[in-house]
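Chemist: Given the coordinates of chain W, assemble chain G onto it according to the supplied hints.
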Amino acid sequence: MTRFSAGDHVQVLALGKEGHVRIPHYIRHQTGRVTEYCGTYLNPEDLAVGNTSGRAVDLYRVAFLQRQLWPDDAIPAQDTLIIEIYDHWLRSVKETENAP
Amino acid sequence: MPHDHQHGEHEALIIEDEAGNIEAQIIIDALQQVLIGKGLLTAHEVTAAIAKLESPGLHLGAKIVAKAWTDPTFKSRLLSDGRAAVQELDIPVTEARIIVVENTAQLHNLITCTLCSCYPRSILGQPPSWYISKAYRARSVREPRQVLAEFGLDLMRDIKLVVHDSNADMRYLVLPEPPHDVERYTISELETMISRDHLIGVARGDG
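Residue numbers (our numbering), protein chains in the order written: chain W, 1 to 100; chain G, 1 to 207.
Hints listed in this document are in silico derivations from the structure and should not be mistaken for laboratory results.
The structure presented is a predicted model; accordingly, all values stated were derived computationally and were not measured.
You can take every hint at face value.
Below, in silico cross-link-like pairs of lysine to aspartate or glutamate (EDC-like), each with a Cα-Cα straight-line distance of 20 Å or less:
hint, chain 1, residue 1, chain 2, residue 2
1, G, Lys160, W, Asp72
2, G, Lys160, G, Glu177
3, W, Lys94, W, Asp8
4, G, Lys134, G, Asp197
5, W, Lys17, W, Asp46
6, G, Lys160, W, Asp73
Just chain W, same shape as in the assembly (with noise of 0.2 Å):
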């Protein structure tokens, strides 16, 4: 059973951690809808430094509103950015009016 499943209100966090880490700032929290479940992987925290026996991490496709990571309104309401979280940089959050 995962935390989260498809169409769940998510935020991404800024966990402030040092090194070799998959989520870009430009994400960091931003509030978004998980469309889909990846499976589970190496965490590349752990992978980066070597660490091949680390838990395996759940990970999620997230969606975002590109006029809510952007402030600019010339960017049509509907366009959308889809990127890959893993489970520990994500909190559930309540419905929003800004998640696509």
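Modeler: Below, chain G without anything else, positioned relative to chain W:
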């Protein structure tokens, strides 16, 4: 304690300039000079190896798309499990998972990797140099419609644009829209219509 702060969080320092990592370039140049000097390598072999690395292997992507355009059951398998469907065509896939995203009259998909250069290499070969450039990586998420326009694709505003940042374990392929008269063409004619750029999403069949 994890700090969820608004201040002081910064991007990693950029240690390379626009021309790439200069320090590594100096080491490679010196090594190449030594190898050529000792007769172990020729300059021609180096350029031939680079050409091979950079050759896009287009036929593999075109083969997948042409099959999907002409075989609806293959297409549905491709959209539900890209890796398994591609392997049906005897293409060895080294990526953990291939997600195929379908363009429609109302939807256009664009693939990028903002963090590095993640790309479905077992299908498309090495990415083009622009795909790896910092400009594409930053602008493909920040102003994707302008980027598309620079590729000659003026996407109409009522077509929804979805940008896929392949930042982690998934790799992506765009399934372009077939020509409206797809049944008129042979498979090999269809394959010639499909370029690498269609599979990344910087080109669109009609544009």
